Each structure stands twice: as structure tokens, then as C-alpha cells.
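Student: This is what each chain is made of:
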Amino acid sequence: MADAIIRMKDVNKWFGKFHVLRDINLDVASGERIVVCGPSGSGKSTLIRCINRLEEHQKGQIVVDGTEITNDLRHVEAIRREVGMVFQHFNLFPHLTVLENLTLGPIWVLKTPKAEAEARAMKYLERVRISEQALKFPSQLSGGQQQRVAIARSLCMDPKIMLFDEPTSALDPEMVKEVLDVMIGLAEESGMTMICVTHEMGFARKVADRVIFMDLGEIIEQNTPEAFFDNPQNERTKLFLSQILH
Amino acid sequence: MSAATPGVAISTEKAPKSSVGVLAWMHGQLFSSPINSLLTILSVWLLLVSVPAMIDWLFLSSNLSATTADQCRESTGACWAMIVEKHRIILFGLYPYDEQWRPLIATFLLVGAIILSGWRVLWNMWLLVMWTVVLATVAVFMWGGVFGLTYVENSQWGGLPLTLILSTFGIALAFPLGIVLALGRRSDMPAIKAICVVYIELVRGVPLISLLFMSAVMLPLFLPEGMNIDKLLRAQIAIILFAAAYMAETIRGGLQAIPKGQFEGAESLGLSYWQQMRLIVLPQALKIVIPPLVGLFIALFKDTSLVVIIGIFDLTQAAKVALTDQAWRGFSVEVYIFISAIYFVFCYSMSKYSQSLEKRLATGHER
Chain A
5 MADAIIRMKD
15 VNKWFGKFHV
25 LRDINLDVAS
35 GERIVVCGPS
45 GSGKSTLIRC
55 INRLEEHQKG
65 QIVVDGTEIT
75 NDLRHVEAIR
85 REVGMVFQHF
95 NLFPHLTVLE
105 NLTLGPIWVL
115 KTPKAEAEAR
125 AMKYLERVRI
135 SEQALKFPSQ
145 LSGGQQQRVA
155 IARSLCMDPK
165 IMLFDEPTSA
175 LDPEMVKEVL
185 DVMIGLAEES
195 GMTMICVTHE
205 MGFARKVADR
215 VIFMDLGEII
225 EQNTPEAFFD
235 NPQNERTKLF
245 LSQILH
Chain B
174 MSAATPGVAI
184 STEKAPKSSV
194 GVLAWMHGQL
204 FSSPINSLLT
214 ILSVWLLLVS
224 VPAMIDWLFL
234 SSNLSATTAD
244 QCRESTGACW
254 AMIVEKHRII
264 LFGLYPYDEQ
274 WRPLIATFLL
284 VGAIILSGWR
294 VLWNMWLLVM
304 WTVVLATVAV
314 FMWGGVFGLT
324 YVENSQWGGL
334 PLTLILSTFG
344 IALAFPLGIV
354 LALGRRSDMP
364 AIKAICVVYI
374 ELVRGVPLIS
384 LLFMSAVMLP
394 LFLPEGMNID
404 KLLRAQIAII
414 LFAAAYMAET
424 IRGGLQAIPK
434 GQFEGAESLG
444 LSYWQQMRLI
454 VLPQALKIVI
464 PPLVGLFIAL
474 FKDTSLVVII
484 GIFDLTQAAK
494 VALTDQAWRG
504 FSVEVYIFIS
514 AIYFVFCYSM
524 SKYSQSLEKR
534 LATGHER
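If you read the protein sequences in the order shown, they are chains A and B.
Taking this note's numbering, the leading residue of the first sequence gets 5, the next gets one more, and so forth.
Taking this note's numbering, the leading residue of the second sequence gets 174, the next gets one more, and so forth.
Chain A extracted, bound-state conformation (with noise of 0.2 Å):
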């Protein structure tokens, strides 16, 4: 692909002695939606942190937005504005209100007038629903609603490429609809690239164009949603889907 705006080449990373991504070759065209789903332990938290940097690979090459991931920070800051993230616990800042978790990036990063930035930070709680909840603290707020602000925050930075790691585990059941909703929105309505760990087998069928599988630190199979789920190849990803869908 000519056109990817994440190219990951034989990335291998190590926890200690534990080899955690074997061989990682991976490339994302802009605006296409992966969901990467695998057994708890597989990496597939790791291969989506190593894209901004949250973990350090050992081996191989990742070019994300045609800069390369070194040691040299500059480069390290500039891939980090582009690429938002959205993390299982949130992540917001609790000494912050919502409206302030929103506009500190937008303000420091990139420098945007206050006003302008509130403005835009406005637009995106709208847009995840939950603009009346702008001024309050974010421990003032259920999960869902933590969640959707977080996703809005990562909104605020005009991000090229979203990263979602286990955007709805931590929440109550009846809150993982919500979330899902809004990512849905956004899949649809913006075409931005998109890499969701999840095991909401629901949505990647619904917006994901390509689904793969993680096992002990490898991408074993990667497929269509339709054909990963009713015509799985390996016997790993068999074993997966028929314990996660009972």
C-alpha cells in the first residue's frame, strides 16, 4: 500500500525476558477502521501503544504519517498530536473540569486562543452529547460519560488516526452502549483512521474494515469482519471466537 499512514515492519518488542510482539508487520491506509481483537496476554495493547510511543519497540521500523518513531522526542511529540488515543480507565485529568481536560492539549500543543479552543472543545462535547456536563469535575460523572469526554478530549486535537484500547472493559454494561454510539458516529461520519482493541464483536462487524487476531505477540489471521468472523482459518482464531461468542 502506497498510501498507509501507519507501516509497522518486523517490530518485536520484549518486557524483560517476555516476548511480547514477534514480527509485527502492519499497514493502515488513511481513513481505514482495524479492530484488533486477541486473548488477554497476546499484544494487542502493546502493538497499538508502540504507535504513539506509549511503549518503546526494540526491533523493526514504524513510520507513522511518514516520520518514523526514534528516540529523537521532537519527532516523538510531533506523531503524538496526530494521533489521539482513548485508554480503558479514561485517563482524564481529575483536577480539571471537563471543558478545561478538553482545551489543555488544544491550548499547550498547539497553541490555540483560549476562545477558539472552548469553542471547539463545545463542539465535540455536543457532538459526544454531553455538553451540559462541561463545567463539571470529571469524578462527577459516570463512566460512560468519563468515557465519551475522553474520546471528545482526544477529538480536540484533530487527530489523523485514533487509537482505542479497550475503550469499553472498564465500564458498567449499561454504559458500553453509549460509547459505542458515539465511536460508531465517528467511524461513519469523519473517515479517520481507526485502530479499536476491543472485543465488542458487534461493532467490528458494523464499521471495521478489517478485523485481526492477536495470539502470544503475533497477528495470526486478519480478514473482512464478515469473513473473520463466519470463515475463521486458523485454528487459534477458531478456539477464540467460540469461547468469546457463547
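Careful: at least some of the hints might be erroneous.
What the hints assert, rightly or not - Below 27 Å or equal to it, Euclidean Cα-Cα: the simulated DSSO-like pairs (lysine-lysine) are: (1) A:Lys181 with A:Lys164; (2) B:Lys366 with B:Lys433; (3) B:Lys366 with A:Lys21; (4) A:Lys140 with B:Lys532.
What the hints assert, rightly or not - Which bits of chain A does chain B cover? Going by a derived footprint, with three or more residues having C-beta under 8 Å, they are: (5) 83-92; (6) 108-119.
No wet-lab data here; the hints were simulated from the structure.
Quantities reported herein were computed from a predicted structural model and do not represent experimental measurements.
Even for Gly, the Cβ is constructed at its ideal location relative to N, Cα and C.
Knowing the structure of chain A, use the given hints to seat chain B on it.
Tutor: Okay, now just chain B, sitting in the frame of chain A:
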């Protein structure tokens, strides 16, 4: 989400009242067991014996108006006349008697500036401007030598203003240094980390008295001939360096309480290291450590009294000087109560302020 399902009636029964009558409360809290009853009776007896005697000594039989010590000795209570007589030497030490209005104004300026600094609305650039002006004015009043004020060497400074100056600068400069040391100790860079660890452990491993002594006696031996750093300045630096090491460890405790997710959230937005620390990590970490940090501030305020060992006349030493007057011998308790009250007012204010600050900074995520 707490909203109830619309259209469904919910029970609105109130929680039962928890308050009980006076007798029931006494029975539950004071006389719930034989041992408890015994302790209650014992405590009441102790209070009955000691409190009236204390009030009698402190107020009823005390002598405020005596003009000589012998008059004072006739009364059975405290001799507050001693304080009236000696308050100027206790408060201002050996500062020239006729010029003591200058340290008085300096004290008011410092206390006023400290109070204003506690006011959160004023936390902006003007605070720095205010402090610059206040410190310059304090310096002019204390030293003099300009505007027709006679020059007073700082070896003649003493008493309360000196204690205030030592602790204000001590806290104001040790705090940022402590932050830098705490961040340094958690740094990924081995050299910086090693320097900070060695510094903190070395300084924490010695008593303040020995640091003050070294600054007064040993440092001049190492300095080149003719180079002379002021004694007061050396004591001030020793206090700052000492307090910073303790603050660093307290602040590091706060830093360690910040979850990794906060760093990652900040990193993923593209914030630089210093932005992460300034905007995300330190505001939360410092808020957590307000109680132990203010404890250190209070300790520092009282530790300034240790400068006596290198011959600086702070509040405590000035009080001792007042006690050397042969004519007024035997009233040391009164003098020590007096300076204790002064120390207490300042320390208790710091403690109260820290509590109110904690409350105001609470955003509901504390457990």
C-alpha cells in the same frame, strides 16, 4: 447515573434519626464500662484541680502593672509586667532601640504579604510584583542607609522579624528546590537521579545544627582569602538546603501516588515533560501532600530557632537575652509562655490555612 426511571414511584422514607438524648449520650460515651467510668471521673477531677489554678496564675493573680521586679514577686500569679518591660528586646533583639519602629513595620509588611499570598484570587503575576516590592521595602527598613535612615548591620537584627525573614525565605526557596529534587530523583537520567539521591540522603542524614555549624565555621575555611559571605546569609542557605531535602521526599511521595494513566493521558496529548509535570502531575501530587508539607513548613518555622548556635538573635535567643537582666531574674516561665504564644499563632495559622486550602482544592475524586 442516579436518575430514577420516570413514572416509577420510589419510597421516600427518611433515614432514622441518629441523635440521642444527653443522658443516653453520656451513658454511651462516658460511662459505658467500669474502666471507662473510672477514666471519666479521673479526667474530670484532673480538670477541676488544674484549670482553676491555671486561670488564677495566668490571669486573676497575675501582675501586669508592676514597675519593679520586687513588686511582681509579691503577687502569687504570673508576672506579665516582665513582658511589658522587656517586650521590645524580645521582639526586636539587639536592634538599636530608637530605630525599632523599622523592624516593626517590616514585620507587619511581611505578615501582610504572607496573608495576601494565601488568597487564591491573587495567585497571578501581581503576587510576584507585590513580593518584590515588599521585600525591597523590608530590606530598606531593616538595613537603612538610604532615605535618611541610619545603617543597621544585619548582625544587629534580631527577634521576630529575623525569625520571619529566615522562615519566609526558607519556605519560599526550599519548596521549589524540593520540587526539582523530587522530580530529579524520579528522573530516567542516571546522572541527575544519582545527584539528587546523594544530595537528599546526605542532607537528611545530618542534623540541622551541624549544617548551621558547618556553614558558620567550616565554610569560611574553604573560601579563598578575603572572600566573605555574610553569616546570616549562610545560615539562611543552610536552612533552605536542609528543608529542601525533606520537602523533596514528601513531594516524591505525592508524585508516586499519581497513577501511570495520568502520565499516559498527558503524553498522548503531546504535552512535553515539563508541561506534563506543571499542568497534570504536580497540581495533583502537591494537593495530596499538603498536610505533610505544611507539617514541614511548621517544623522549619520552629527550627529557625536553632540559628542561636551560630550567634544569630532570633526570637528565642532574644528572649534568652531578656532573661539575663539581673533585676528581673526568676520570670523565665512568663517569657517562654510569651514567645510560645507567638510561635503558636503562626504555626496554628499555617495549619488552619492548609486545612482550608485542602477543602477548596477538593474536586471530588478524593476518597
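Student: Each of the hints needs a verdict: does it hold here or not?
Tutor: Okay, the hints, checked on the actual structure:
1. A:Lys181 with A:Lys164: Cα-Cα ~25 Å, so holds.
2. B:Lys366 with B:Lys433: 20 Å, holds
3. B:Lys366 with A:Lys21: 26 Å, holds
4. A:Lys140 with B:Lys532: 17 Å, holds
5. 83-92: holds (count 6)
6. 108-119: Coverage by chain B holds for the segment 108-119 of chain A (4 residues, Cβ < 8 Å).
In this structure, none of the earlier numbered hints is contradicted; all agree with it.
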